[in-house]
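K.L.:
Sequence order for the protein chains is P and A. Going by our numbering, the first residue of the first sequence is number 1, and it counts up by one from there. Going by our numbering, the first residue of the second sequence is number 1001, and it counts up by one from there.
Honestly, the hints are just simulated from the structure, not real lab data. Since we're looking at a predicted model, the values are computed, not measured. Treat the hints loosely; a few may be bogus.
Claimed, not checked - With the Cβ distance kept under 8 angstroms, some of the chain P side facing chain A (calculated, not the full set):
1) Asp40
2) Val119
3) Cys176
4) Thr299
Unchecked claim - Keeping only pairs whose Cα atoms sit at most 25 angstroms apart, straight-line, the calculated SDA-like set for lysine to any residue is:
5) A/Lys1280 with A/Arg1345
6) P/Lys353 with A/Asp1026
7) P/Lys353 with A/Lys1037
8) A/Lys1037 with P/Gly393
9) P/Lys353 with A/Glu1121
10) A/Lys1037 with A/Trp1387
11) A/Lys1037 with P/Ile148
12) P/Lys280 with P/Leu303
13) P/Lys108 with A/Asp1026
14) A/Lys1280 with A/Arg1259
15) A/Lys1353 with P/Asp277
16) P/Lys37 with A/Ile1155
The C-beta atom is built at its ideal place from N, Cα and C for all residues, glycine as well.
Protein chains: 2
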Amino acid sequence: MALDWTSSERGAVLKEFRPRRTIPADWIPAQAGDLLKDVDTPALILDLDKFEDNLSRAMAVVAGSNLRVRPHAKTHKCGEIARRQIEAGAVGVCCQKLGEAEAMLAAKVNDVLITNEIVGESKMRRLARVALAYNPARLGVCLDNIDIARQLAAICASEQAELDVYIEVDVGQNRCGLSDPQAVAELAAFLHGATVFHFRGLHAYSGLAQHRRGVPERRAAAQAAAQRAAAARDAILAQGMPCEIITGGGTGTLAYDARSGVYTEVQPGSYVFMDVDYSKNERDVEAPLFDVSLFVLATVMSLQQDRATLDAGLKAFSTDMGPAHPAFEGWRVRNVSDEHTVLMRTSDATPIKIGDKALLVPSHCDPTVNLHEWIIATRKGRVEAVWPIDARGKIY
Amino acid sequence: MALDWTSSERGAVLKEFRPRRTIPADWIPAQAGDLLKDVDTPALILDLDKFEDNLSRAMAVVAGSNLRVRPHAKTHKCGEIARRQIEAGAVGVCCQKLGEAEAMLAAKVNDVLITNEIVGESKMRRLARVALAYNPARLGVCLDNIDIARQLAAICASEQAELDVYIEVDVGQNRCGLSDPQAVAELAAFLHGATVFHFRGLHAYSGLAQHRRGVPERRAAAQAAAQRAAAARDAILAQGMPCEIITGGGTGTLAYDARSGVYTEVQPGSYVFMDVDYSKNERDVEAPLFDVSLFVLATVMSLQQDRATLDAGLKAFSTDMGPAHPAFEGWRVRNVSDEHTVLMRTSDATPIKIGDKALLVPSHCDPTVNLHEWIIATRKGRVEAVWPIDARGKIY
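So that you can see chain P by itself, here it is in the shape it has in the complex (with noise of 0.2 angstroms):
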């Protein structure tokens, strides 16, 4: 192999350039069997001890009813997750993309409602493609129009393929959905009609109200949200059409929706994981308490009198809901960019050295997963297994 350092000065590129020695292709954090803290970082932590305490306590709030519990994966987007979320109780999973639930289908989860609408022509087809290819599994969809829902129909009848469908209900978040149990009534009319479709319900999620932080405005949210999902209900029912499941709720309202008297199913998501922007929320002690089981393990790559700097910035965590919390005392954020959080010191609480390994809390659960390829589930401060985020980066 010819090379002239000299000529290549100026435009870099090799042409007959090949790796002498192989270095593994992925790159994976740890194994099972290492410490917490030789885990190669940045690297997405499980406590599992605290993951499956809340599991549990999130099928308690439904046990003894018959209130179904379909978990949000948008949250993990972790098959394995998903079929422990399963093993738990639950009916099947809730997805936010088409290409989430084809990662959760290819996972065997053979349930999953996918609570939004799809539109345009390609990624409908492809909707109906997966229906067909992963019959008998159940899959779900929402729509909000019906010259959307008369497309579908036409591709589905193309494709033979057939669809779960719900009408998504603008239940006080103001984004998809219709607001107008009149028109909730005309929609299902025509879906009810539809050979391909089969019409289930109502999808009727206020994520605006998971996130209120005093216990009564959380749980007035969550009660006018179950009045509008009832009076699109009734609407349907007084037609003579049927209406099966009313599917909403989340984290912060869990309890609230399962005493509605509305919902027949619940779709909690960032219970399995929790955040800083959670933790914000006034505690109830009638509601679940769930405790945060998600951390991002960091190193100190550099130590300059009181400040550090760990090797994970906002490419490993989230800041929409502002920067991530170190999990230890004495030390407070000053600034996260792309690849670096700095921390400066408050007090000698925690002593660090070059080389240490961090925990922080992400401040908000959900985009900080779909950063990472890996979740490093531990026990005890001990790796005992490696899951792969199956539908990480699925935004479509």
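Given chain P, put chain A in place with the hints provided.
P.N.:
Using the frame of chain P, we list chain A on its own:
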């Protein structure tokens, strides 16, 4: 394949479950020849005319001088773009992470500088192995601590690997790097004497200077950074050691860095794409004009009165510098959530209907690119190529 739906209402995991028809495993939003309006969404769109203008305007800054350009690949993470930068005259690329450097080397870029410290036994060993595997490609790394330098030298010796090394100088970023010229000279003496290292010079980057809004402030911050770099260099020269390269600077200060008389190499990154945040800098008529070439394409998935919801949210563009901005008149961003952006109509300038495609300008290009798998390279409304983002998610 026996399937009991009744018993699977709770516990919906199938063991013997295979898709009946194959769905393409990789979702690729477009192919060459497609019209922009037919690209599936969310997708990252590059305007090639503007991108090529940006490439040549950066090179024009150094025309007729000995100044080298080493663009930062943390921005684009794309081998194809790195190769085009080098064809335009760059000497190689910068990376921020070892995983990025591996992706660039694998993409046949044979001169890569990691403008960052690599700390931790496993990652340092991988660094040494990568250097050996791709030898004679040039791989450099930064250091700011003599203990870490000793550890890396021992690892390189045990792996029979050699590395280019640079000292990071803190020239105003207050993050990594040494600020005391005497400490720089002491570290240089060690690096100069280590047989596994080739001591090349100083890495001196002030990210904060790039985003000073006013021209006088930005110019002054760049000058201050160059002066600090010069002081560190002079401390090394005073010990009789060479200090060949002073590398640093960025898109916002490129013209000032080039004229500083201190830098021998500049590292602009964002100039290829630009973004909303850089657009807020006051324009200096003496500096090169870079224009926005990067967009996120989204689909209008729901339309209710004056409210249009797009199918791209903060998993499709970063919001650390604020929301993405519509690239069209008459609509403003009301809210961004994980998978949605809600636009409100402010005038009749741009009529929107459900299913329409909408172009958004990211607020911060680097972390936005990191969320995508593909760059859709377009020219005059038509797809010319689809480039993989080779180092996407390589945050380690």
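K.L.:
Mind checking the alpha carbons of A/Lys1037 and P/Gly393 for me, to see if they're no more than 25 angstroms apart?
P.N.:
22 angstroms, holds
K.L.:
Are A/Lys1280 and A/Arg1259 close enough, with their CA atoms no more than 25 angstroms apart?
P.N.:
It holds: about 23 angstroms lies between the C-alpha atoms, which stays within 25 angstroms.
K.L.:
Minimum Cβ distance from P/Cys176 to chain A below 8 angstroms?
P.N.:
4 angstroms, holds
K.L.:
Are the Cα atoms of P/Lys280 and P/Leu303 separated by 25 angstroms or less?
P.N.:
Distance ~31 angstroms between P/Lys280 and P/Leu303 Cα, so the pair is violated.
K.L.:
Min Cβ distance, P/Val119 to chain A: is it shorter than 8 angstroms?
P.N.:
4 angstroms, holds
K.L.:
Taken at face value, is the distance from the CA of A/Asp1026 to the CA of P/Lys353 at most 25 angstroms?
P.N.:
Not satisfied, since the Cα-Cα distance of roughly 43 angstroms exceeds 25 angstroms.
K.L.:
Please verify that hint: P/Asp40, Cβ, nearest Cβ of chain A, below 8 angstroms or not.
P.N.:
OK, holds: P/Asp40 within 8 angstroms of chain A, min 5 angstroms.
K.L.:
Holds or violated: is there a CB of chain A closer than 8 angstroms to the CB of P/Thr299?
P.N.:
5 angstroms, holds
K.L.:
Taking only the CA atoms, is the gap from A/Lys1037 to A/Trp1387 under or equal to 25 angstroms?
P.N.:
18 angstroms, holds
K.L.:
Given the hinted pair P/Lys37 and A/Ile1155, is their Cα-Cα distance within 25 angstroms?
P.N.:
20 angstroms, holds
K.L.:
Mind checking the alpha carbons of A/Lys1353 and P/Asp277 for me, to see if they're no more than 25 angstroms apart?
P.N.:
Given pair A/Lys1353, P/Asp277 is violated - Cα atoms ~35 angstroms apart, limit 25 angstroms.
K.L.:
Verify the proposed pairing of A/Lys1037 with P/Ile148, using a straight-line Cα cut of 25 angstroms.
P.N.:
18 angstroms, holds
Hints 6, 7, 12, 15 from the list above are not met by this structure, while the remaining hints are.
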